[in-house]
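Asker: Following this note's numbering from start to finish, the sequence shown increments by one per residue and tops out at 340.
Honestly, the hints are just simulated from the structure, not real lab data.
Mixed in with the good hints there might be a few duds.
Stated by the list, open to error - Label pairs and their in silico Cβ distance ranges:
1. ALA156 to TYR303: 44 to 52 angstroms
2. LEU95 to LEU165: 54 to 62 angstroms
3. TYR303 to ALA110: 18 to 26 angstroms
4. SER153 to LEU104: 46 to 54 angstroms
5. ALA278 to GLY235: 18 to 26 angstroms
Just so it is clear, CB atoms sit at the ideal spot from N, CA and C, and this is done for glycine as well.
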Amino acid sequence: MSEALNEHSGQNCAAFSSDGSEAPPGTLTLLWRALLLGGSPYAVVRDGANAGRRGFVLLLAIIGIVALAQVIGYGFGWLTAPRLGSLQALSYTTLTSLAWYAEQVQQTPAFAAQFAQGHAAAWEALRILLGYPTITATSISVTTLIVATLLNWFVYGLLAHAFARWYGGRARLSQTLGVLGLAYAPLLLRTVEVVPGAVAPVGLIFLLMLATKFLALQSAHSLGAVQTLAVTLAPYIVVGLIAALVLLFGGAYGLEQIPYVNEALQVQQFLAQ
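Could you put the whole structure together from the sequences, leaning on the hints where they help?
Answerer: Have a look at this one:
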């Protein structure tokens, strides 16, 4: 009985620092609380000495955990997936034994190397389409995760901070970026990809991230619910409008490069005068 009490007392003491104050929660604790849609972890980041740096570290931790899960998932998938190497070799042998292939090699000596590269690339694409784990697909997925998440965090943070200050928020940019770094905790649901073939629902992650961003911005800027909702959605609306304008004017500019379309537009402008 006394040993159990001592152990319990030791666990309680571990939650306090040497000066008797409560120790700040660690990275995994903050991520877990944010994933459960709690508001307290954002206050910890907001009130920290280096809010922006803390949020960036938390975001890197999220990216690192998800990327590690994808790499482990690739390893498990590679161990359990059927081997297609023999089929690929049989396909290459069959195609290179055709008379058509011999004629192409005679006409163009470099055709053999080009064909080998194209054949290997085609089989790699076939593996990706069939859902087979490949180094190429995993590398692209991890690279996209890192670049897209960091870019989205920074651009969204700048836009959200501008709108929040316009609505009367007083948080610093470092605080806004800091709490928004923690708001990407729902990406941790992608750790299910450690199981080959498992995919986290994108819609669920997006909705959860809207909720965490709402809590983060409300905690940082102390705005009302309506104002915080407007600030949360405004960056998506701005980026959507910019993308629509780029596609509209870019598509129109591209159509003008077609001779017949260009002539038709010139005739229309002449008749409109």
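Asker: If a hint holds in the structure, say so; if it does not, say that too.
Answerer: Okay, the hints, checked on the actual structure:
no. : hint                                 : result
1   : ALA156 to TYR303: 44 to 52 angstroms : holds (49 angstroms)
2   : LEU95 to LEU165: 54 to 62 angstroms  : holds (58 angstroms)
3   : TYR303 to ALA110: 18 to 26 angstroms : holds (25 angstroms)
4   : SER153 to LEU104: 46 to 54 angstroms : holds (50 angstroms)
5   : ALA278 to GLY235: 18 to 26 angstroms : holds (22 angstroms)
Figure legend: structure checked against the earlier numbered hints; every hint is met.
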